[in-house]
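Construct all of the structure, not just a fragment, from the sequences and the given hints.
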Amino acid sequence: MVVGGGIAGIQASLDLVSSGYLVHLVEKAPAIGGLMSALDKTFPTNDCAM
Amino acid sequence: MEGIEGHAGRFTVTLREHPRFVDINKCIACGVCAEKCPRKVEDAFNEGLNKRKAAYVQYPQAVPLKYAIDADHCIYFEKGKCRACEKFCPAGAIDFNQNERIFTIEVGSVVLALGARHLDPSAIEEYGYSTFPNVITGMQMERILSATGPYQGRLVRPSDGQPPKKIAWIQCVGSRSTGATAHEYCSGVCCMYAIKEAVIAKEHAGRDLDAAIFFMDMRTHGKEFERYYRRAESELGVRFIRSRVHSVESSAPGSDSLKVRYADDTGAEAEEIFDLVVLSNGLETSNEVRELADRLGVAVDENGFVKTACLSPLETSRKGIFVCGSVANPADIPQAVMEASAASSAAARLLAKARGSQVREKEYPAEKPIDPAEIRVGVFVCHCGINISSVVDVTEVRDYAKTLPGVVYSTDNLFSCSQDTQQTIRDAVTEHRLNRVVVAACTPRTHEPLFQETIREAGLNPYLLEFANIRDQDAWVHQGCPEEATVKAKDLVRMAVSKVTFSEPVERLQITMHKSALVVGGGVAGMTAALGLAEQGFPVHLIERNGNLGGNARNIRATWKGEDVRSYVEELSKRVIAHPDINVLLNARIESVSGFVGNFLSRVRKGGRSEEISHGVAIISSGGGFYKPEEYLYGQHERVTCWHELEDLFEKEPERLQRAEAVVLIQCVGSRDEDRPYCSRLCCTASLQQAVTLKTRKPDLEVYVLYRDLRSYGLREELYRKARELGVIFFRYTPENKPAVSAYEGTRGKLNVTVQDHVLNIPISLDVDYVNLFSAILPQTDNDLPHLFKVPTNTDGFFLEAHAKLRPVDFSTEGVFVCGLAHYPKPIEESIAQAEAASSRAAGLLARGTIEVEPVVSVIDQERCVGCGFCEASCPFGAVKLVAVAGKGFRAENIPALCKGCGICAAGCPQKAIDIYHFRDNQILASVQAGGETTREAKASSRPSPAARVTFVSGYLMRRDCMYHVGHTWIERMKGGRLRIGVDDFAGKILGPVDRLNLPPRGEVLRQDRKGWSFLRASRRAPFLSPVTGKVFDINLDAVSHPENVLKDPYGDGWLLVVEPKGSEAELKHLLYGEAGFRWMEEENRKLLELLGPEYERLAASGGGAVEDVFGIRPEIGWETLVKTFLRTEV
Amino acid sequence: MNDEFQPRIIAFLCNWCAYAGADLAGVSRIQYPPTIRVVRILCSGRVDPLYVVKGLQSGFDGVLVSG
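Chains as they are written, first to last, in my numbering: chain A, 1 to 50; chain B, 1 to 1131; chain C, 1 to 67.
If you are wondering where the hints come from, they were derived from the structure by calculation, not from laboratory data. All C-beta atoms, glycine included, are put in the ideal place defined by N, C-alpha and C. Keep in mind that the hints are not guaranteed to be accurate.
Here are the simulated BS3-like cross-link-like pairs (lysine-lysine), alpha carbons at most 27 Å apart as the crow flies [said to hold, decoys possible]:
#1 Lys307(B) - Lys28(A)
#2 Lys307(B) - Lys41(A)
#3 Lys166(B) - Lys41(A)
#4 Lys41(A) - Lys51(B)
#5 Lys40(B) - Lys28(A)
Which stretches of chain B does chain A cover? Using the computed rule of at least three CB atoms under 8 Å from a CB of chain A, they are [to be verified]:
#6 342–356
#7 748–756
Covered stretches of chain A (chain B as the covering partner; in silico rule of three or more C-beta atoms under 8 Å from a C-beta of chain B) [what the hints assert, rightly or not]:
#8 5–18
#9 36–42
Okay, structure coming up:
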């Protein structure tokens, strides 16, 4: 079980499932994404955070 | 998460699921509920800068993209009525009967990725956050800058919606401070986000925008951060003001602007006015997280962060519960992502025996064979509730699709993606024997996999599906013009049908995985990665070029939290050597690497022998070293040392420390300069640690730290505080005014260090016993690894990961990973986490016997290839290479496992020997051709009408755009250069109704001014001169069987021949065109009237008028005369 | 119907960026002229000069390559 669906929780879930484990991802908000989804861009490349 | 029981490997977790009041299986994210919802609520996602509805989607790209009802603000929940959303939802997805659900699940391990929140600056009264609308937080600035934010990406300030001309960022709001409203630790991320916001703000508003950042120490310690900082300052003109801000006030009564009052670098008071002030507020854990940690029995530190140790950075105090990201320490994105992979590795290791026991593999029916000659396309047009059908006439599109070639079935669905429609599609495939499917609906980016799955379940290869995007790229963007939108939808369907006609089944591409790993470098990172894999059951070859394991860590005494590193490294080395699945090769080097993910073959030289190792993945942990300074008398004076050398000296000769009175530690030696414009990240913490240790061991020792910016990021700030408390003295220096070190006597005595004091602005002279230098961390460059593994490095020589934020340990070359100092300077706890992350990413591949890769890859026709190598040179993924073919030189060969299907090779191939599955040239070209159809039709109808193209000359029809030959034939140039030929209206009218056309066969060569063909009228022959030289390409068989057409429609249905011209261009100059032709026709008419005699003179006087069937009405003129005079031939 | 020239455009859009951008324009309900036809490709590097010529030959007035 991964608690929290921000960028860390998403990555942990993806890694676990590709390693062959069933994952329960628990998130309190109606959508995953967490803080990172609210960022505009990311440095140093100024890529869209979304 | 309500609670947890049990133990590592077998937990029972109780969860409370809050109702969302929307059935996510039915919701189509059309947004009607939000549109109809009458209740406006502050939009938390946009940090309260605007309103959303109580029926809402968290953000436009939310996953899942499903709406929710905010029960805390919903009118129905408040007053018992409304339910507007329910009434209007086209999908019937609103469900007010949903209830909270409490349930338990069984899990083996738990990863806490709870994150952190931004501190609320309201309590810090001096910054005026709750008083002034134009004082905002860093996150609010993010939302303002975002295109999906409250102002659609326009940079304006909240009070009046005006664009600010001056913006200030105030750093360390709530961080690195004392008091009830703040935290002592550094939040680690704010310096970079402030710089980024300033840079983006300048991009939005232009260079004239004044951006100023008020800071104490600029902490740009991450990879490429220092360069970003320098660029912001020198190129973009962001002002960096080293200062302490004490308050933000209104600039003047009635003004929305703000006065920032601060003390500058020298302690002098100053103030400046800004239009907008951004508070770079730090990160903190919430009470909710503390309470949860409490319920889980997980220990937190005094700041509320989950407690971890440096040498086991992912483990909490409760076994089986792991942690990653900002819940354990303030982390930026790459750190959080790295730790996430690491935590997953730790969690996986615990459950290694259960791997694969619960994941389910789906089964599909066998694919039906496709008869390439029989095209049977089914088209499914989606209404998407009313999303598409409110703009596009869906039934018209459906009916139109039926008329397209190859389409045998077409229907429309209310929701194509719904469960029942999926079944309808599968049934239709069977019933109508469809072998290709077109879905006209939303976007393939989200829904193509679903429909590919659907047809796969119906026994079709998934690549026999094509999508027409008639929602996102049609109905939604052309709401004001339904007719054109419908035309576009039809075009898009026609394009998809044309493309799918050429589609072929694409076979799944599977690569067998050699289930072992090669780890390059036996430092802490390499050993951790090797153990991480071996403990999950994968064999590892660990290559170390030195004679022992441990690398740089062997020189480290303790972590910043005080754990003993030397015994840890010793213990780790023992475990690695003892592990049966780890093959340790010391004094070994890699000579060559070939192959690709799953199937690498490396040659390793050890001693005099070399051996070949097969491996599925590789992890590069080749480490780094430190710069050997040439400055500050290093290497010339025995009391000038570097890094751990001072500690080594004191350990060997403790009396030296006993006798010493003062020590200077100098930072940034060879870092952050022109040669190495990066921050070495770990030196500040290491020097603080050393200062604290020295001061603790010998409290009367004077310890000076000379620094540029003190970068004790995150929780390491605690060391800085401790050092100051212990009396360590800090002097800041600038690169323009570096400290100077000189020796008093010889190379063994005391030293003098002078440094400019930035507050007093005078040089300070220090007599000291030892100078220890913290020099730059360097990448290991004396190896060939970048070349061997075909992986890139950055300009500083550190390995370059696939993505700075989201793939921090992957290379873009699949199956190769990086960790430790080889990636960037980092402290041991981060190296350990990164190594765990690399092993997690590697295990994700190794766990599978085969890996399935996207089969949309290049396909090379070696018969066409000439071996020019352009493809190999242009492929960004190394997926094409030249191979020697006996007798032919070189030919290109693709490596599907590496290919991403981008098609750069195909576009560049001069021989057209390369194509891409599913995006073949013929598929794309067919699509383009089909896309242009309506345009072509529209253009044809807007061309000059036939009426405008023709004219009457002396009563005879003539075409303005044709050339004429004096033998009364016309010539039309066709696209591509062929010529269409017929006889003119005049010839038709003098000969009258002919009953036979003797046209030359296809392929016959005609010559200009020689007899080309003839007409017969009741056995009278009328030969015509060929107007051009050329080969007959086509003849009008319709006219042959309907000779009357020649008279009725000489320029249309009455055309005779299409000729491939073989003559010179000069031939065409003999032909008549435009005015010359009209004058010739008038002359011919005059000649005819002369032959007809006086009866027709009136006609001649009036300038013309055609006579029909001249031979019929005046046979006495004679057939021969008419032919000779006008056709210029002999009967 | 106004007589102003409305170019008809064929667009080759990269699946990973420009095509996603066109979708986002839809999600954001940004309105633009209905005279553009999109061909989805996996990379703008896929665009053979032939495609551009074919686009013009097929009747389009302009070709947009975005990625």
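Quiz item: Of the hints stated earlier, which fail here?
Solution: Structure breaks hints 2, 7.
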